[in-house]
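J.: Sequence:
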Amino acid sequence: MRDELVFYTNPMSRGRIVRWMLEETGVPYKTEIMTFGGTIKSPEYLAVNPMGKVPSIRHGKTVVTECAAICAYLADTFPEAGLAPKPDERGSYYRWMFFTAGPLEAAATNKALGFETPPDKARMAGYGCFSDVMKTLESAVSTTPYVAGNRFTAADVYVGSHIGWGLSIGTLEKRQAFVNYLGRITDRPAYKRATAIDDEAMKAAQ
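Going by my numbering, the first residue of the sequence shown is number 1, and it counts up by one from there.
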């Protein structure tokens, strides 16, 4: 019997990334909706994630936080879903997943906050400058059909979610390569199921 998998989230959060990933795995899970300013800062939840943020998962006795880590964990834990390349083919998989968790996330956040790296300080920033990040991301989603090669993986869930958000709120440039890539990966039953579940949860919360 498999350990219980509990998903802590809020439909207006990065939890949507993990919801999509969970739906891709096809494994059963229990959802705990955390409320901002309420249960998300409760002692019970802080014992799971001391940051008081979502998403998090608890799988038996194992707790994982941070979206990229959760996606990688789920891909490894449920290999029957085929969401990770073979170990000797994971270079691009790890590369672009953690590029997104680091440089892309930082660059997009700074853009949303109206901050631009001064040219003479670019070497101090982990991502250099915004234009470098956009050029690199465009290359990542244009070289092969999927970001880690010729088949869909957990890296596409993570990278694609960030591209989708960035295009919708204007923190990423609307380049055709991004639009094309997003179209390829979101025309999936798991993505549509996850979106419908979270959209319904948003309505219920309101």
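Be a bit skeptical, because a hint or two may be false.
To be verified - Capping the alpha-carbon separation at 16 Å, the derived lysine to aspartate or glutamate pairs in EDC-like fashion look like this:
1) 135 with 173
2) 53 with 32
3) 30 with 3
Since the hints were derived computationally from the structure, they do not count as laboratory data.
J.: Each hint should be assessed against the structure and marked as holding or not.
T.: Each hint, compared with the structure:
1. 135 with 173: Holds - the C-alpha atoms of residue 173 and residue 135 are around 10 Å apart, at most 16 Å.
2. 53 with 32: 13 Å, holds
3. 30 with 3: With a Cα-Cα distance of about 11 Å, the restraint between residue 30 and residue 3 holds, given a limit of 16 Å.
The structure meets every hint from the earlier list without exception.
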